[in-house]
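4 protein chains.
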Amino acid sequence: MASSTSSGSRLVFPIDPKKKPGEQKLPLHNRWHPDIPPVAEVKTGEVFRVEMMDFSGGGITKYYTAEDIKHADSSLVHYLSGPIRVTDADGIPAKPGDLLAVEICNLGPLPGEEWGFTAIFDRENGGGFLTDHFPRATKAIWYFEGIYAYSPHIPGVRFPGLTHPGIIGTAPSMELLNIWNERERTLEETGLKSLKLCEVLHSRPLANLPSAKSCVLGKIEKGTPEWEKIAREAARTIPGRENGGNCDIKNLSRGSKIYLPVFVEGANLSTGDMHFSQGDGEVAFCGAIEMSGFLELKCEIMRDGMKEYLTPMGPTPLHVNPIFEIGPVEPRFSEWLVFEGISVDESGRQHFLDASIAYKRAVLNAIDYISKFGYTKEQVYLLLSCCPCEGRISGIVDAPNAVATLAVPTAIFDQDIRPKSNKVPTGPRVVRNPTIPQCTYDGNLPITKNPSAAT
Amino acid sequence: MASSTSSGSRLVFPIDPKKKPGEQKLPLHNRWHPDIPPVAEVKTGEVFRVEMMDFSGGGITKYYTAEDIKHADSSLVHYLSGPIRVTDADGIPAKPGDLLAVEICNLGPLPGEEWGFTAIFDRENGGGFLTDHFPRATKAIWYFEGIYAYSPHIPGVRFPGLTHPGIIGTAPSMELLNIWNERERTLEETGLKSLKLCEVLHSRPLANLPSAKSCVLGKIEKGTPEWEKIAREAARTIPGRENGGNCDIKNLSRGSKIYLPVFVEGANLSTGDMHFSQGDGEVAFCGAIEMSGFLELKCEIMRDGMKEYLTPMGPTPLHVNPIFEIGPVEPRFSEWLVFEGISVDESGRQHFLDASIAYKRAVLNAIDYISKFGYTKEQVYLLLSCCPCEGRISGIVDAPNAVATLAVPTAIFDQDIRPKSNKVPTGPRVVRNPTIPQCTYDGNLPITKNPSAAT
Amino acid sequence: MASSTSSGSRLVFPIDPKKKPGEQKLPLHNRWHPDIPPVAEVKTGEVFRVEMMDFSGGGITKYYTAEDIKHADSSLVHYLSGPIRVTDADGIPAKPGDLLAVEICNLGPLPGEEWGFTAIFDRENGGGFLTDHFPRATKAIWYFEGIYAYSPHIPGVRFPGLTHPGIIGTAPSMELLNIWNERERTLEETGLKSLKLCEVLHSRPLANLPSAKSCVLGKIEKGTPEWEKIAREAARTIPGRENGGNCDIKNLSRGSKIYLPVFVEGANLSTGDMHFSQGDGEVAFCGAIEMSGFLELKCEIMRDGMKEYLTPMGPTPLHVNPIFEIGPVEPRFSEWLVFEGISVDESGRQHFLDASIAYKRAVLNAIDYISKFGYTKEQVYLLLSCCPCEGRISGIVDAPNAVATLAVPTAIFDQDIRPKSNKVPTGPRVVRNPTIPQCTYDGNLPITKNPSAAT
Amino acid sequence: MASSTSSGSRLVFPIDPKKKPGEQKLPLHNRWHPDIPPVAEVKTGEVFRVEMMDFSGGGITKYYTAEDIKHADSSLVHYLSGPIRVTDADGIPAKPGDLLAVEICNLGPLPGEEWGFTAIFDRENGGGFLTDHFPRATKAIWYFEGIYAYSPHIPGVRFPGLTHPGIIGTAPSMELLNIWNERERTLEETGLKSLKLCEVLHSRPLANLPSAKSCVLGKIEKGTPEWEKIAREAARTIPGRENGGNCDIKNLSRGSKIYLPVFVEGANLSTGDMHFSQGDGEVAFCGAIEMSGFLELKCEIMRDGMKEYLTPMGPTPLHVNPIFEIGPVEPRFSEWLVFEGISVDESGRQHFLDASIAYKRAVLNAIDYISKFGYTKEQVYLLLSCCPCEGRISGIVDAPNAVATLAVPTAIFDQDIRPKSNKVPTGPRVVRNPTIPQCTYDGNLPITKNPSAAT
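Protein chains in written order, with full-length UniProt numbering: chain B, 1 to 455; chain A, 1 to 455; chain Y, 1 to 455; chain P, 1 to 455.
Read the hints as simulated data drawn from the structure, not as lab findings.
Please note that a few of the clues may not be correct.
Partial chain Y-side listing against chain A, Cβ under 8 Å, derived [as the list claims (entries may be wrong)]: (1) Val-47; (2) Arg-254; (3) Gly-255; (4) Phe-333.
Okay, derived cross-link-like pairs now, DMTMM-like style, lysine to aspartate or glutamate, Cα gap no bigger than 20 Å in a straight line [unchecked claim]: (5) Y:Lys-18 / Y:Asp-68; (6) A:Lys-377 / B:Glu-308; (7) B:Lys-298 / B:Asp-88; (8) Y:Lys-372 / P:Glu-325; (9) A:Lys-372 / B:Glu-325; (10) A:Lys-298 / Y:Glu-145; (11) B:Lys-95 / B:Glu-308; (12) A:Lys-219 / A:Asp-16; (13) B:Lys-219 / B:Glu-41; (14) A:Lys-420 / B:Glu-308; (15) Y:Lys-307 / P:Asp-416.
Chain P is nowhere near these chain B residues, computed Cβ spacing over 12 Å in every case [stated by the list, open to error]: (16) Ser-211; (17) Lys-219; (18) Asp-304; (19) Tyr-309; (20) Pro-317.
We put the CB at the ideal spot given by N, CA and C, even for glycine.
Modelling step: build the complete structure from the supplied sequences, incorporating the hints.
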């Protein structure tokens, strides 16, 4: 691939998928901090190319085993490409208070790397949305045929990917970083007393606070005092925040535009965690079809755009969120099967307008239903995490039940999964090969006792 | 309208919109209970027509005032049409354990009643999703021109309605009704201690427990011992539950199919709360374009379908949810502007993977943004409650932030609401007429102090 | 149905489907002429309702016989509702040179008349696009279940209708009428020498010239000198022309807008020939799902709009065509099977960039292919004439072959009609009931000898 | 770009866009003949990559001049990549009578070559669909930003490309080739007497018969007797025919599947003429956005599939056409402006159900209308030739007028091009820069005298 041509895109961040994260031409990073220096510079209007490793930096392999998932080091995610400094045509950098409009001109897998994976973490190692039901490390490998993905581990489905970067964001200012660290620390310290969802998910960390473990800081040399300081302060990349980050919006594909607030000079744009496809919610956590890949981007700087377009929704002017524009190029499906959940949990307990509980129940309902068509529940859990299904908040006001829905496009299956009124189906239900790479769960926590539990 | 023809639909539940609820030909009801007797009977395969009042039974008027909203009696909602007993072609009724497949063949407003309303309840009278920001009773009237709705109170928008019934459900069995009442009572009694969302919404009732006040029970005569007993036990219609009910799924329009569990002999189908259009979440509570209307339905009975297709997700076999099928006939938009929210509330406090908080912030972000284009915040709140916007759970696993998004189709506006990179807009921003019927808020509760608060 | 309410639409042209054309409250007409007087008047901005008979005025029945088709009197089509005079809010009528913007707010079948028919005329009585292959009068009856149509005569298909008026147009001026009559007479007189398509369709009339036979002229009393004069001059309604008319654009459904040129004072809008659904081309001639029905319309007058927006494409300023706007509410299908045709006819003869021949071959290819799935060719011919299939001109420049395509949405079938690579199909091909009402062909003309000919 | 990896696609036909056709690693060809030997071989099931030059082999340049268009050698189009021999997994080749299912997994421009052109040929050099109106050689250059194209020569429009190969086909057998040559020669010899469209397009060749001029035959060495024989017999690539070929179906993009008949052992698949985007009809002839590019394909062999799925539509079993399947991934537009044409030509003469004439008038109407928004007519002609507009055969039975429509998605313009009812537009109409590369027309033929003629 040529690095630069007059009309093509300029490659500003190359990745060699055969090499390890530490061996790449430009250094990666896996934390948010204003002092991680930019490794590349782009001008507004130019189309440039950024390549990226998969979120694990190659730690999760293409082999048919879940051992790599079971022992994955969650402290080193996500390997990001950048930061990229953005200036206008005159070389004047983006400034705090500006908006950075980033258009996704093109994106896809790296040539020769047309594969990805979807996985469930072991319950003791982070788990996922349904970790109390599915505690065992499990993995499915997907192969791509152009726009389509298929998996030997979840036979009978094939779907076009709505490819997108899971993470795209600007660097936080020190002031914003402090806000993040303080509020997440407060949650970590006080959360156990008051939170209900964690009764269900109680082995999952409440927040992922700064940690020097496995910290990678781009050009900053490990072991230096600067590294030590930044590593102590820098925010983890796991949650989405005011700077964008891990927003996991599955429709951010070709032709989309992202309006990111700028907090530091040059904006310091970073991106990573490419997904070939993802369902709304990415429920299995490591749950999109994770892959390495490339983005072709074009930036505009909207001077003072934060004040013009974003209104702080919190105590400081920094409490803002990005805005997104989604374009006309998407796979569109004409028929959907929709599963509903209400905010009553598996124990039968009523919760008050809790959309997270309602969505959990909708996903569990969908898993149970679809598993009737020849799949294990783990297969469906992985599938609903990565196929283009839509998770909706349908009702959020009719106390006490929030109503959430999960809509699954029926065309992704090679059989008709709709309910049939006649007792005799048109054909025997297909028996699928249930062999999916999976590890034993050795933890101590009990698994939810209800009909949907994995068996 | 002829009541029956060989090829047309048979009218089984007529409504005269000029008359009051108590004056209709067939009696209405506003509670769920197995002992409310059916008032009509249909056979599988026949297309039949059900007409319905608006949810308030005409209590909310077409006049340009919000006084009727301010003093609305929330104990009498929702007026439902039915119950309708369903039998198969041989006259054998639907039985507990069956699935009732209800296809929506057609639906719309009643002739001559091509109007509706969207409203915010006063904070002291139920409020809505953002009641701490918008405490004042407010109302907008909408007029329909075929598939389109427009409002003199929210000028500059016009959109096709994705018309649907807010409520469709089967009667619960006594066993299921007891489960509902017990779990909702438990919430009401213990909720205040443990719930976080209610810190924000603390003037809203946690649940709406059975109450004889304004109770309407169809053929059951008021004042009889039977009425007294049922009124004490019957569930309110406000939340969606295992029987369907107030699920507010905005895509249940023409050509959709609903698979409802059957809990009593004959299924006892009821429906009401017609919406000309609604946004995901129906955030203003009385928040769709509420109207009277009609449904043309066709039923199938899937014998033993509950066991075949639904898996209980709780301690009893009754803990199920309906399944829905959505068809190919919808307005589809090519461009969307997407607002994001994370589970950090307006005070800056971090919550753990709370999709309700995240969605609240997404909606607040959207309101603030769109209000820059010549609207008051109340106008936008009402608009986002009733226009065909999509509320998504984008990320529910990246602790501690749930990411919710609200996607607004840009084509509903008569101006381009996308961010512009050039400082000088192509035209002056339209100054809209802010005169919207609204009452004073006389309550004692403080309004949220943040930039998005109503002024 | 109330005729008028404050917010509903005003009924300006009522139809009683139980009565004959001559017995309706307002007189119908079946010709275009400037002197047919208006029977109703509307103002710009008001939503009004026009009801209409089916194109045959009830001549084609709902009985399962094709005898009515075989002996249909083609000289009396199409019964139109109108003319309607349009004025602005001040009562000033539309004037020649204006554009009349007509929005279709709503439309559908008449209550109790939820059925329609699709038919092939006998070759001796008008035939259709493929009359040399299918010379026998044939009819299928369709029933509507809300938005869906199904037919006992073409089992295994069901589709949502994109309902539209086949005919909508303004009255021609005398000058325009003279142009029509002259050019069509010239064709009739000189055509046989030079036209190639008619070698194939040689029993079809080349044009349908004015004729007093079965002429119906609204308020003009039959037998008067005025009637005689108009009947001699008035244009038949069969072809679409500069005034709109029988344009058969299948996407003119709810939310569409039609910009019609105005040739006479008041515009004199007429409409009729309602179609529940139609495929591009309406190949069977009587080929949509023909029905009675209603339109709810709203008009605007764009003063001097013809000059502003239309450019004459011919020797006079009257040689213009209407413009149409199509809205977002349509059934959309995700998968299509596409059949191709090139401008080589069934005898193997090459034609020069002839899109009509190419489309004919595409339709014949589709008929042959789909008939492999358990249908007779006549059934498929009728189906492709009325289902929402798309007829495209794909290539019109690559001499000598025009390439036309016919795209059929696969979701309308209850079986998978795509080619399968494995020899053993997933199930036996369904054997459909071929009993479709059909008459014998008694004509003298030979039927095309090729594999697709009806047998 | 790696040529082969375990999971990526294997590059079987490489192109270096910096080199001339004769300098490529594998030889190209520009004729159809059974004896052009395959240059590569693939197995069913494998994903392979084929690169291709633009149709002119680099003859048309990226420079802002139309001189290259004016003097283009039309006898050398189109440079194709292939033939590719296809075998099954056991190495047994495709055989005559099989169907070759070719899935388009992916496609796009070559890296570094993100540009294309759209052009009008000089009337004396081939012209186009509207050559009598637009006789001058004209060219627009387009640049790609990911999925979007924009042109400095047609400012104010930008649209996502529905990229597709203009040509994909199998080699004809000698028997089929003879049929082609005979029928096209007959047309050439007898056509002038009987054809009407050519009265209008009379400087265009009726057919493009075999010619040794500029003939390129892959591995066959020029000057050998074999070369001479093949060059005399081989069919030109300009029209689409029974083998697929230049079908110019604009929706054959990612995820599509093409079922091609096999006429020779190995199928001998060739492809070329990549289009970044094209409108239905490709009216300007050199009218798509022409570019070099790549395809990633996957083949299946359906043994005896011709008999199973294709029915000959002519005197021999070879008179068949391919079938196509179109997938769910397309840009979809919600609003369209539709222009209509009827089969009356610019002189006012009536033609009988002639869809080509009707489409011509629809295109002319669209050109005139859109040119009111600041464009020259040539700019619009080029635009409608290459943007994703849809050309439909709306009515083909209402004698004497065929009705064709051209639907243009309004979202491709940066201004609202819909008719406005108020006289004062919301802003001044944009004055576009009319500087588009164009040559003088020096021919002798008169240009059509009507209001739409180029000035």
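Now the hints, each set against the structure:
no.	hint	in the structure
1	Val-47	6 Å, holds
2	Arg-254	5 Å, holds
3	Gly-255	5 Å, holds
4	Phe-333	6 Å, holds
5	Y:Lys-18 / Y:Asp-68	18 Å, holds
6	A:Lys-377 / B:Glu-308	16 Å, holds
7	B:Lys-298 / B:Asp-88	12 Å, holds
8	Y:Lys-372 / P:Glu-325	17 Å, holds
9	A:Lys-372 / B:Glu-325	17 Å, holds
10	A:Lys-298 / Y:Glu-145	8 Å, holds
11	B:Lys-95 / B:Glu-308	14 Å, holds
12	A:Lys-219 / A:Asp-16	18 Å, holds
13	B:Lys-219 / B:Glu-41	15 Å, holds
14	A:Lys-420 / B:Glu-308	10 Å, holds
15	Y:Lys-307 / P:Asp-416	19 Å, holds
16	Ser-211	34 Å, holds
17	Lys-219	28 Å, holds
18	Asp-304	24 Å, holds
19	Tyr-309	20 Å, holds
20	Pro-317	33 Å, holds
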